[in-house]
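S.K.: Here is how the chains run, residue by residue.
Number of protein chains: 2
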Amino acid sequence: MNVLVMGAGQLARMMALAGAPLNLKVTAYDVNSAKVQHPVTGEIYPLTLEQAVAAADVVSSEFEHIPYPVQAVCEASGKFRPNSTAIKAGGDRRQEKALLDQAGVANAAYRVVQTESEFYAALEQLGLPLVLKSALAGYDGKGQWRLKQQADAAAVWADIAAFMAGAEHSLPQAIVAEQFVRFDREVSLVGARNAQGETVVYPLTENHHVNGVLTVSQALPSNEALQAQAKQMFDAVANQLSYVGVLALEFFQVGDQLLVNEIAPRVHNSGHWTQQGADTCQFENHLRAVCGLPLGSTALVRPTVMVNILGEDYVDPAVLSLPSCHLHWYGKGKRPGRKMGHINLCGDTPAQLAERFLALSTLLPEAGFPEVADVAKTLASKV
Amino acid sequence: MNVLVMGAGQLARMMALAGAPLNLKVTAYDVNSAKVQHPVTGEIYPLTLEQAVAAADVVSSEFEHIPYPVQAVCEASGKFRPNSTAIKAGGDRRQEKALLDQAGVANAAYRVVQTESEFYAALEQLGLPLVLKSALAGYDGKGQWRLKQQADAAAVWADIAAFMAGAEHSLPQAIVAEQFVRFDREVSLVGARNAQGETVVYPLTENHHVNGVLTVSQALPSNEALQAQAKQMFDAVANQLSYVGVLALEFFQVGDQLLVNEIAPRVHNSGHWTQQGADTCQFENHLRAVCGLPLGSTALVRPTVMVNILGEDYVDPAVLSLPSCHLHWYGKGKRPGRKMGHINLCGDTPAQLAERFLALSTLLPEAGFPEVADVAKTLASKV
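So the protein lines, in turn, are chains A and B. Take the first sequence: its position 233, counting from 1, is numbered 233 in UniProt numbering, and each next residue is one higher. Take the second sequence: its position 136, counting from 1, is numbered 136 in UniProt numbering, and each next residue is one higher.
If we strip away everything but chain A, and leave its shape as in the complex, we get (with noise of 0.2 angstroms):
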């Protein structure tokens, strides 16, 4: 089979490498480029985006700020999976809000707002501190403003205001303002479902990020309560959506409450550990639910840390002497903060993996690999 992936950066390149073995082909239509391209070798294939469309047996995407006029023509072909209301819940902060209230799914109170009054009106019916997000294009921290106290609200909105008058987007910008939500810690749920509704879902992962970005994702040891609370609410924004591929849900962990903080409609960066980690990966599971294969098994096989590599183009090959480390490069151009690839770490038991993680963060420099060290020695320090 053929499967046209929107978007062709690590996430389609993935894919690509996942798919060979079940013979499922992956093409990329990079949409700055307007180029179809092999996402691992790079060769042009001369296809307009439609011809590539029509040429496919499954259009896919791996990341949701696709034009609309794009996932139009995706859509039109009825081979897109997941749909383009998913992927526009994805990519617009206000969807998502509103897909997270109708499928009932607990997530922090808030409001859209596009005037200084709105602006205003939100800080009064939310509260103290609001975390303020611009519906399109937040991404990895971008796009993102914190009001701790009153004494700052004319400032932020100066720049809030000037961010919405300065943003290039054919569609309306705005921004959603949110309760601020003290969590214990940050977990998300990788998952898939199919056309027919089945359901799988990995085991839950804890997120450390920096500055916005991840930076070390590790699966969690079996915690039966809120596995089954996060699958139930993985089910019904999936089921909500009539969703077919990888559905990742970000949440804040509050005591032993989830609340959703967004969704992601497609494989992601909290779900790479499980190409060493798990029975069946996130990439192949997701084209196995898009070109209608079973779902895989997504059993933890051992315990699995992932670090990501950030601005970095060069790591020490000694990390390759650690046992079970595996390094994933992306094949990109190095810049700064950038993802360029990410480090799997597996140990036999937690104990194994904490010591091994301790003995890879001495190789790993802090500026391409900020707070790696920290996390690791803290993760040492609860086993």
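Treat the hints loosely; a few may be bogus.
[Unchecked claim] Under the rule of at most 20 angstroms between Cα atoms (straight-line distance), these lysine to aspartate or glutamate pairs were calculated in the DMTMM-like manner:
1) A:Lys25 / A:Glu43
2) B:Lys332 / B:Asp316
3) B:Lys35 / A:Glu43
4) A:Lys25 / B:Asp313
5) A:Lys35 / B:Glu43
6) A:Lys88 / A:Glu75
7) B:Lys79 / B:Asp30
8) B:Lys25 / A:Asp313
9) B:Lys25 / A:Glu43
10) A:Lys25 / B:Glu43
No wet-lab data here; the hints were simulated from the structure.
Got chain A; can you put chain B on it based on the hints?
M.R.: This is chain B only, laid out in the frame that chain A set:
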């Protein structure tokens, strides 16, 4: 790094898939078509062999029957790993047997036969039964004879003489006559040696053949003495060859003694289980070795079996519903008996694997999976 592989079959394909995450770009030279191509996508690169060799950082191989003039080009570049001596030993039974003797590893007594008188001399010196193998291009059961009783000698020799006369080889053909070994089972050891002389080996694998073609491989539970014996022989052969890359040794096991049957100077079908069952798969370890990266851990992650798909381009998709069941298609055109793909199946325990293997075997028709159901039943009866 750019790695050029001689041969564009499934082994080069799986190297390319294993190399991409390490930013190792694998291209393949098809010795039949004399074309340089991508072993996964089939993209053709307009390069001659010489140009491709010049452009590569490392030149390697996926098979041993590389024409000598092609090997000469590779060897002259100074970047051919493993070296031409090793490739030739794998491709010529005479050189292989001489190598085994030089390395001092146990193997069946033999004579090289080119004439009728040498044939009868070998018969007298080695006794019956006798196994006769063509020195060149003996592969997967082709070009092999068994002589069980004296009365059949003339007929077998007539067959061999006709084969030798019809052989299309630029090199002088011959037959290697060997004492038949009454083995208890066939096992193999896959391992890697780097340029510094360090070696790592995977757990011994038990192999089941039908008509000389591998059908099932199973990573064996730890047997320290046998593993040490095999490792000693691996080191002896690999060191004798100043070998760099993955090397496979096939053994006859007689009681608790191993005799080397043959070597394969490449990644090997009996090592395909390492894709799901070992810390680092054989394809990645081959690339690590030839590219000068640290060798990866060869530890068993979970009990695993590998089942070959022979001559079939369809498998019941229900196999993907089995936990830990992974399909690996090679993207090849269907031909009777051809290796079209394989299935890797894991379990958390030997008993769980045996149970899953029984379930899998009921989904695999006898035609494409000869004797697989029997092997599954035997395995289940042992745990």
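S.K.: Hint by hint, work out which the structure violates, then give me just those numbers in ascending order.
M.R.: none
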